[in-house]
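If you read the sequences in order, they're chains A and B.
For the first sequence, the working numbering begins at 1 and goes up steadily by one.
For the second sequence, the working numbering begins at 1 and goes up steadily by one.
By construction, these hints were calculated from the structure, which means they are not laboratory data.
Be aware that one or more of the hints could be misleading.
Claimed, not checked - Capping the alpha-carbon separation at 25 Å, the derived lysine-lysine pairs in PhoX-like fashion look like this:
1. 55(B) x 35(A)
2. 372(B) x 459(A)
3. 2(B) x 276(B)
4. 21(A) x 23(B)
5. 23(B) x 84(A)
6. 61(B) x 23(A)
7. 21(A) x 354(B)
8. 139(B) x 462(A)
9. 354(B) x 104(A)
10. 354(B) x 110(A)
11. 16(B) x 46(A)
12. 462(A) x 372(B)
13. 77(B) x 61(B)
14. 110(A) x 21(A)
15. 95(A) x 354(B)
16. 35(A) x 477(B)
17. 16(B) x 23(A)
18. 110(A) x 276(B)
19. 23(A) x 276(B)
20. 35(A) x 77(B)
21. 462(A) x 470(B)
22. 16(B) x 38(A)
23. 35(A) x 16(B)
24. 477(B) x 139(B)
25. 139(B) x 459(A)
26. 23(B) x 55(B)
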Amino acid sequence: MPKKYHIHPKAAPLDLRYVFKFKIVRGENCINCGKCTKVCIYEAHKRRKDDPRRMADPNTVVCRNCFRCIQECPRGALEKSLDKDFANIGGAFWKPDMLISLWKQAEDGKVPVSGAGYRGPFTGTGFDSMWTDMSEIVRPTRDGIHGREYISTSVDLGRRFNHLVFDAEGRLVSKVPDTVDLPIPILFESPTADLSANVREGLVKAAAEIGTCIIMPAADITPEFAEYSDSIIPCLAPVEIDTHRAVIEKARLVAINHSDALMSDLPHVREEIRRISHALTIIRVSAEKDVEETVARLAHSGAEIIHIVADYCGRELSGAAGPDQRLLKDIIRAVHLRLVEDRIRDEVTLIASGGIAMAEHVPKAMLCGADLTAIDIPLMIAVGARLYEEPERQLIFPEGLGRIPVPIVTQRMVNLMGAWHSQILEVMGAMGIREARRLRGESGRAIFFEEVDRDTFGKLFKKNREAVRK
Amino acid sequence: MKPPTVVVKRMPSRFKHQVPKYKVTRSDACINCGTCAKTCPYGVHERVEGQNRAKPPIDYKCIGFACQGNDFYCVGKCPRQALSLSLNPMYATLGDFRWTADMITGTWIMAETGYPPQRTDLEYNVGNSGGGFDKLRFKFPSNPPQVDKSEISTAIPLNRRNDGRANIVISTPVYGGGMSFGSVSLPTMISKARNATKWNTFTCTGEGGYPEMLRPYDDHVITQIATGLFGVREETVQRVKIIEFKYAQGAKPGLGGHLLAEKNTESVARMREAVKGTSLFSPFPFHSVYSIEDHKKHIDWIKEMNPNAIVSVKVSTPNDVDMVAVGSYYAGAHIIHIDGGYGGTGAAPDIAKKNIAMPIEYAITKVHGFLKEEGVRGAMTLIASGGIRTAHDLAKAICLGADGAVIGTAELVSLECVRCGNCESGRGCARGIASTDSELADLFDEDWATQRLVNMYHAWNVQLVDILQKFGMRSVKELVGRTDLLEHIDYSYETELAHHG
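With the hints as extra help, turn the sequences into a complete structure.
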């Protein structure tokens, strides 16, 4: 059995206030009777330290929305509402509750657990329009995160052969290409934002600690990161290859942004990189309208690893917003199916990114056909960044973040990934899949809203309607 | 129809205030004339003789903008225009897409009065989830056959196999879901059992043992055998009429259960025959079941131990739940209980609640259809749970093909749960419903709780009878599988027209 992969979470509270959901205001008709102090089990209500005859302002950060104080105040003097910050943060994709959940996962690395049933909409767009399946009576894997049987989340990156070729004497002719093995199907990406030095260092160290890699602009890879070269994927343009010789030499993987020119030049570019090191090449392709065409052509021209990049909400990059604009779920499915059709799917590795915001998105992206995913924004939320979608994408870092020691920054990112890893295990355990590699394109383990709705309600209610028409 | 043991009695909230939907504001222009106090029949305004200021309005009693047409509307009556009415921002902190604030408020009113709310400003039958039950509507005929309400039966049989085992008939097609001792307080558990007894229906122990205090209600208790086998003993299996195998729970299918060490108190540990203060895992799945044959052997084992009891199989809702249901029929089960993905729980990973397995609406449709195709529908009782929030959900579930439903959250909301979702954390439920904390578990007594549950069941029954009457039916059994009586908003003429012109 391989060594069990484990991410070690450790409480890493950050002394920077984050968003909270509820706000309680004490009205003027409060008679300072202290009933709220007695009934609140979360200690939101306390007397003032300087004057114990009077009640202090409610500490709404700890409020868990139990309504006890509201309902038991003899004067009805307490009022609760949604905090304004909470209402404004995020947007239609990055919902405020999601941001708070990511923040909490970074605090302690625990799987978010709560009581009461699901609270959200029945279905939604993109990944919200699918469920993961499970096996009811019998299945091979048991116990999810408490597993006695090992569930592997490893994936490998690189070109693979559909078959091996032997010569007449039975000797292996194929030269088996190198692959890079990652213990978790998540790569980090350096976000396009001004990062303070400690955050940048934290990103690299966290990637190294959990055994994954971070894609970052080659220009940002300063000498002090030398010891982490195994965990850093320099990202550059083909013309910069010579300039960044030194980082490419040590890298296991190199990322190149796709351009029309690259398509014809690909063999040459790969040759150039190979002359410098054994690094495998990732081609980063924007998720535009015809992304499946581009990916198919790249795959046929020998690309090893292709990274499909959607926007930060998982939307297609070209074209106007609207019902025709595809989301990451559909983009990945289209690309995957196109490669399957071309019988070349098994030979390349697909990375998907853009709108991978919660742990559930990782297995869902894989079920749709990705080999692995890449993330940036969740790692920033882990260190307290606030994201706003309106009026335009804005990532705001908390004041004082630059002062936070690197170990804490690192630990919070590790914690977040620990929580995600555990959640991926839960979902895989329920599916009865114990190899993350087997998740790829396993749409039989997914339930797609459009399909199940059409097969059940569609059949029933269309039939009913037609019966009425006759 | 309600059994004679059911007596509706007003049982008000145990709290001083309820959560207000509206906000009534009194400005400085008020001259304390007392007109509002005299005119408002709901008691929003109060003026105490001898005090020179009227008391702050009691918002939660106000019926809101629906009052505008009344000649006693305070805002209109005030001689100084000192009163104004608005939506209360507090209301936005109650409820969610599935259980809206109106639905919670409506359920509270049912538990208090025993009848559906008279208020027209509360949409308490349908949630805001934008799918499933919330997109289904009844198509009532304009001229249904005349049926008197007293002739309408809501009873359903639970044993349809004609195998000589107990012929159990419940008076209303609903029973209480499994909640273990440890996940809910003893008063909650006992009140559920007392209500089940009064309503001639059932409650379920969940996986956590069979507290002695439930003994008087044995005939209305389902004992559960789940994967951890906690508290399963031969004598408890022998004392009940229904035994339920729990394969999975809709909120966390495929994950098993986990009782945190701090919740495993001395009494909980004794009940579960475990060591106090240790984490208790119910693994997934049954480690003694490796095939559908093993599933049958499980059922045979129970049938051998209790020759009179009937067997229920509780499963969650994967894509192939229909095959599991048919397998359960051939294994000898009487009830197939399917628990949808959006169902309740005392604690589950958020990722599981949202993502794993499908909503109950699809599962009912699939299972009912497949059992019919296999020609065994008539021999099985199909019970749906996991997202049955209201009497309308219940009736819709029956139209889709269920015989009846199991409810959990609606019962707890009757006991004034606000769905804050903190059942599992720290000392547990702040409202005393789902806590074994010595102080919190003592927040209400069983008489209060039982009556609230009896009232809520009554209100649901009133609504169900009303629906049956509008369809001209004499029995709830006639409603089963009548999808022709439902309309789905996405597939209606109007939607079709809007899309295609």
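The hints, checked one at a time:
no.	hint	in the structure
1	55(B) x 35(A)	holds (20 Å)
2	372(B) x 459(A)	holds (16 Å)
3	2(B) x 276(B)	violated (43 Å)
4	21(A) x 23(B)	holds (21 Å)
5	23(B) x 84(A)	holds (19 Å)
6	61(B) x 23(A)	holds (23 Å)
7	21(A) x 354(B)	holds (20 Å)
8	139(B) x 462(A)	holds (15 Å)
9	354(B) x 104(A)	holds (18 Å)
10	354(B) x 110(A)	holds (17 Å)
11	16(B) x 46(A)	holds (21 Å)
12	462(A) x 372(B)	holds (20 Å)
13	77(B) x 61(B)	holds (18 Å)
14	110(A) x 21(A)	holds (20 Å)
15	95(A) x 354(B)	holds (15 Å)
16	35(A) x 477(B)	violated (51 Å)
17	16(B) x 23(A)	holds (21 Å)
18	110(A) x 276(B)	holds (24 Å)
19	23(A) x 276(B)	violated (38 Å)
20	35(A) x 77(B)	violated (35 Å)
21	462(A) x 470(B)	holds (24 Å)
22	16(B) x 38(A)	holds (15 Å)
23	35(A) x 16(B)	holds (12 Å)
24	477(B) x 139(B)	holds (18 Å)
25	139(B) x 459(A)	holds (18 Å)
26	23(B) x 55(B)	holds (14 Å)
Going down the numbered hints, you'll see the structure goes against 3, 16, 19 and 20, while the others check out.
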